[in-house]
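Trainee: Build the full structure now, drawing on both the sequences and the hints.
Quick note, the sequences are listed as chains A, B, C and D, same order. Quick note on the working numbering: the first sequence kicks off at 552 and runs consecutively. Quick note on the working numbering: the second sequence kicks off at 552 and runs consecutively. Quick note on the working numbering: the third sequence kicks off at 552 and runs consecutively. Quick note on the working numbering: the fourth sequence kicks off at 552 and runs consecutively.
Calculated from the structure, these hints are not laboratory results. Worth double-checking, as some hints may not be accurate.
As the list makes no split between identical chains, a pair holds if one copy fits it or if it spans any two.
[What the hints assert, rightly or not] Derived DSS-like pairs: lysine-lysine, alpha-carbon spacing no greater than 25 Å straight-line:
(1) K632 x K614
(2) K669 x K632
(3) K669 x K614
There are 4 protein chains.
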Amino acid sequence: MAAPHVHRVQIYYEDTDHSGLVYHANYLKYFERAREHLLGVDALVRLFEEDGIGFVVYSAALKYREGARHGDSIEIRSTVKPGSAYRAVFTQEAWRPGAPRALVTGEIELCCVDREGKLVRLPDSVIAQIEAA
Amino acid sequence: MAAPHVHRVQIYYEDTDHSGLVYHANYLKYFERAREHLLGVDALVRLFEEDGIGFVVYSAALKYREGARHGDSIEIRSTVKPGSAYRAVFTQEAWRPGAPRALVTGEIELCCVDREGKLVRLPDSVIAQIEAA
Amino acid sequence: MAAPHVHRVQIYYEDTDHSGLVYHANYLKYFERAREHLLGVDALVRLFEEDGIGFVVYSAALKYREGARHGDSIEIRSTVKPGSAYRAVFTQEAWRPGAPRALVTGEIELCCVDREGKLVRLPDSVIAQIEAA
Amino acid sequence: MAAPHVHRVQIYYEDTDHSGLVYHANYLKYFERAREHLLGVDALVRLFEEDGIGFVVYSAALKYREGARHGDSIEIRSTVKPGSAYRAVFTQEAWRPGAPRALVTGEIELCCVDREGKLVRLPDSVIAQIEAA
Numbered sequence: 552m553a554a555p556h557v558h559r560v561q562i563y564y565e566d567t568d569h570s571g572l573v574y575h576a577n578y579l580k581y582f583e584r585a586r587e588h589l590l591g592v593d594a595l596v597r598l599f600e601e602d603g604i605g606f607v608v609y610s611a612a613l614k615y616r617e618g619a620r621h622g623d624s625i626e627i628r629s630t631v632k633p634g635s636a637y638r639a640v641f642t643q644e645a646w647r648p649g650a651p652r653a654l655v656t657g658e659i660e661l662c663c664v665d666r667e668g669k670l671v672r673l674p675d676s677v678i679a680q681i682e683a684a
Numbered sequence: 552m553a554a555p556h557v558h559r560v561q562i563y564y565e566d567t568d569h570s571g572l573v574y575h576a577n578y579l580k581y582f583e584r585a586r587e588h589l590l591g592v593d594a595l596v597r598l599f600e601e602d603g604i605g606f607v608v609y610s611a612a613l614k615y616r617e618g619a620r621h622g623d624s625i626e627i628r629s630t631v632k633p634g635s636a637y638r639a640v641f642t643q644e645a646w647r648p649g650a651p652r653a654l655v656t657g658e659i660e661l662c663c664v665d666r667e668g669k670l671v672r673l674p675d676s677v678i679a680q681i682e683a684a
Numbered sequence: 552m553a554a555p556h557v558h559r560v561q562i563y564y565e566d567t568d569h570s571g572l573v574y575h576a577n578y579l580k581y582f583e584r585a586r587e588h589l590l591g592v593d594a595l596v597r598l599f600e601e602d603g604i605g606f607v608v609y610s611a612a613l614k615y616r617e618g619a620r621h622g623d624s625i626e627i628r629s630t631v632k633p634g635s636a637y638r639a640v641f642t643q644e645a646w647r648p649g650a651p652r653a654l655v656t657g658e659i660e661l662c663c664v665d666r667e668g669k670l671v672r673l674p675d676s677v678i679a680q681i682e683a684a
Numbered sequence: 552m553a554a555p556h557v558h559r560v561q562i563y564y565e566d567t568d569h570s571g572l573v574y575h576a577n578y579l580k581y582f583e584r585a586r587e588h589l590l591g592v593d594a595l596v597r598l599f600e601e602d603g604i605g606f607v608v609y610s611a612a613l614k615y616r617e618g619a620r621h622g623d624s625i626e627i628r629s630t631v632k633p634g635s636a637y638r639a640v641f642t643q644e645a646w647r648p649g650a651p652r653a654l655v656t657g658e659i660e661l662c663c664v665d666r667e668g669k670l671v672r673l674p675d676s677v678i679a680q681i682e683a684a
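Mentor: Set out below in structure tokens:
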């Protein structure tokens, strides 16, 4: 299996809450940023504007082990596999470099929808991108 | 002059940053929520979907005196006046009830744009709404 | 079993993304707001400030069926049961009133930590609150 | 005068609202991320943890000319000068590379506060950093 895709996220004031740690919902944002880079930002924009196809999250399951802090620079490590003709399954983890285990782990399933929000098969270009990842 | 429009905002974990106070950018969100209620959420949705007209922020000027905390229930007090045929000017303040002065004060100017993002005059329905506020 | 706790959430511009639907991570925010009301905002502030005890999310599992839109007023319906001496388990759903099924459903597990971030048992006051909910 | 500090921001789904453009409050986040890098993230963390000194926004004035879109990679260009012994004044702009003018411009004033939230003079290390910027 290929090495995971790595996307670096800097933790700013905006990311923390009054506990001093990253607000739990923000890991979904970091995972989504990483998926955009893994799939290709320009390809996503083109798919949406030219073909009217967008991605939607179908399910998300997260486990929180430890919290990132202001000033941390964390790594999002992502792998992806096709779940079906309609679904891509991402395994994503947030790591503080050098730590013995991931801070947060997640499994996120994505589907594709057309302009009316109707479910469509994953486009061939996306499947090729997933298989190459 | 009419009494200001009052919109109540509860401060949750998501609103604070590691200082324990509300993250400064969030007051722009609270002011925007209050403007949606002042102008009428349903009217805004209809204006956008039927007439293709949306509001955009043209300028925002904020002064921060004191920060709201987790658990606070603050009031956004808003007044509005027409700035020109193209611009509505909102004066908005965040108050902790019973406090001697506002936590944060702002002046926000809004314009209207069509589906292509081109500037258009404020619709008559909006001017009427502003004059009645 | 008791009726679920209901918390109403208005969907503003800030909540949507360029798809016109609510950004997927925001449902974690709405669920968290609902939990704060269910457990009592003042009780949470007191627990944190006086006893140094805070809640952290241990796991979150979400299924997305349909997206809320700008202008929607949705209901978060929440129930809670103790998972163990250390864990509270919330079942939470986002409903558009009158719809035949929930837009989004989730199961969220919370733990308590002290000021050093060490896991502690759920305080008696919280267990009482959970059992009464 | 020195060249402005440049910080690059990628625009993700999370940044846009239903207009397809970046939600207006987010520019305050981008400007803040840029200030953290200009002042030094590690220096800010150390100042807060060791000396109990944090920065707070005192005022913010923004003008919006054009909106960034999903997929854009914009530049935040920042300069800073001391406003007084208590205040640092940042001039910050968001640029789409190659565009004839800034999308959004802002002037943001910051103060320093101690652990009790009391106003304190800008630390010498910060003044040195500002004068070198």
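Trainee: The structure should be examined with respect to each hint, and the outcome stated for every one.
Mentor: Right, here's what the structure says about each hint:
1. With identical chains, the CA atoms of K632 and K614 are at most 25 Å apart both within one copy (20 Å) and between copies (19 Å).
2. In this assembly of identical chains, K669 and K632 lie within 25 Å of each other by CA distance solely inside one copy; the values are 22 Å within and 36 Å between copies.
3. In this assembly of identical chains, K669 and K614 lie within 25 Å of each other by CA distance solely across copies; the values are 17 Å between and 30 Å within a copy.
The earlier numbered hints are all upheld by this structure, with none contradicted.
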